[in-house]
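What follows is each chain in one-letter form.
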Amino acid sequence: MKDVYNFNWDDLGDLSEGRPNLGGETSVLVYRLMQFTFKDIFSKELGKKKTLELFVKAGNIAGKEFCINILDTSLQFNDFIADLKEKLVALKIGILRIEKSDDEKRQYTMTVSEDLDCSGLPIFDESVCDYDEGFIAGIFEEYTGEKYNVNEVDCWATGDRTCRFEVKQVEN
Amino acid sequence: MDSHLILEKIDSCLKDAKKHGLQKKGLTFPIDPALVEDDELRDICSRLASFFDMLNEAFHYSEQLAQGNLQVNASRANIFTMSLKGLHASLTHLTWQVNQVAKGDLNQQVYFLGEFSNSFNDMIDSLREKQILEQKLKIITDVLGEGLFLVDSDGKIIFSNPEALKLLGYTFNEIEGALIHIGIFKQLPDGTIFQPGENPLCNAIQIGNDYNESNGVFTCKSGFMIPVMVSSRPVYKNDTLDGAVITFRDITEQKKNLETLETINRLLEKQALTDALTGIHNRMKFDKILTSEIQRAQRNNSILSLIIFDIDHFKQVNDTYGHSAGDNVLIRLTRLITCNIRVIDFFARWGGEEFVVLSPGTGLDGVIQLAEKLRGKVEGYNFKEPGKITLSFGVTTFHDGDTDTVLINRADNALYRAKESGRNQVQYN
Ligand SMILES: [Zn+2]
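Quick note, the sequences are listed as chains G and Y, same order. FYI, the numbering for the first sequence is 10 to 181, going by the numbering used here. FYI, the numbering for the second sequence is 5 to 433, going by the numbering used here.
In short, the hints are calculated from the structure, not lab data. Some clues are possibly wrong.
[As the list claims (entries may be wrong)] Derived coverage of chain G by chain Y (criterion: at least 3 residues anywhere in the stretch with Cβ under 8 Å from a Cβ of chain Y; other residues may be distant):
1) 78–91
2) 98–112
3) 169–178
Just so it is clear, CB atoms sit at the ideal spot from N, CA and C, and this is done for glycine as well.
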């Protein structure tokens, strides 16, 4: 057995072949069950801080792969965002809405409603969409080739009805 | 403070709020929890007080949102503001969407905002259709074989299509904002510059009239003029005159064609007055000349003589040697005659094998001599086929009061006599 696993999009398998009757979709409940149990066990093994870091990193890989395999990176920015919004809805990941954009500074405020990770959660004191932060950063990084910092400033879990992310290009 | 009193105080506060609304200061919790001795009651009062605060905050928050203030905030733990925060986020997003549209981004769709999504997306669809129409219009102006300018109501150039620039030799930067009636349409075809107030295109633009000129000139960057056909139509914005669309076409080629046409017409006219076979004047032309020469002779009391002659037995030539041989005889004969008359003598084919010579300044003796000379020349000339031919002549001279017909008839009678008398001779009358 290899010591290291490198993610590969093909590892997701052929769902049409593998699930001819059940299809490509499952319930959000199952998705969250996996996420939160991972969070549980990781935090106990590695500590909460490290766990959240790893969630962001994993989300980042997911975002990059999503961008490469699902999105059309040849589009101009506005078209790309429109495409991203459409795909996020189509794949039932969430409803992305831009609130502010500064194309020169490459800074954006965006919300994700009905977010896969946190919508409907009881109120904690902290935002929980660390995986999403990484996911969004991964998409922007893959599209632009620049480094991005994404911070969830509001979350369903902190009392908002939508998750709000500040997206900023990291200055070199 | 006992529970009964606490409830009474809260109740009167709520009654008041129901009656007057929350007003500016909002709800004020009527009890200071610190003054409640009982631990359990004090905790309840604290919780109720914090609910009052949340209600006040939610009230204030919704009021600000209702006024369109999207900068307003509510604390995270306020459970009354949660749906409002959703609304707040939607409004912020819609503001962004609208700004994007204003910037020309027609790619965004609004998802899951109820009726608003439908309206917004419908609007985007119709704007896209307009955009497509605009693109089509742009293509049309690009490929249009005519020059096109858009000017404002002062005549300042706002837009021009590639053809306009090509025809006039400008780049758009060079003429953007220039007045069309100063640089481009400023003169008449003869080079006269329009006087102030008299430029017809400028006047049409300023008044909002149509203007059409099929024979104008535009001045190119090089200073050269090109002949143009130009049309101008006013355009309106909200019922106010907003300038004009001007189209023009280079009609240099057309003019050239026109010139060619004129040449052809001149040729046709000439042909109409020339005998097609021999190239000398025809009867129509002769009639005109005869009339004017008679008038002149009458007016100036000058002398004028007329010869009519025809080829003896010409029908036999045609019958024996064919029509093309007959034609050759006619052609050679006319050359021979032309060489033996004066420049001022007017020689024409009268019809068939009959010819006329009108000889101004020649009296009867002179014209008899001329006819004799011509007769002799032809008699001595060797025509290939049929070899020899002869001519019969009738001559006469102008008498005071003669009309065209009278003069011709007299000559014709003389010719008749020449024929009767054995041909190859000159008779006069
Ligand atoms: Zn969240």
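Going through the hints against the structure:
Check result for the segment 78–91 of chain G against chain Y: holds, 4 residues qualifying (beta carbon to beta carbon below 8 Å, three or more required). With 7 residues having a beta carbon nearer than 8 Å to a beta carbon of chain Y, the segment 98–112 of chain G meets the requirement of three or more and the stated coverage holds. Using a Cβ-Cβ cut-off of 8 Å, 4 residues of the segment 169–178 of chain G lie near chain Y, which meets the minimum of three, so the contact claim holds.
The structure shown violates none of the earlier numbered hints.
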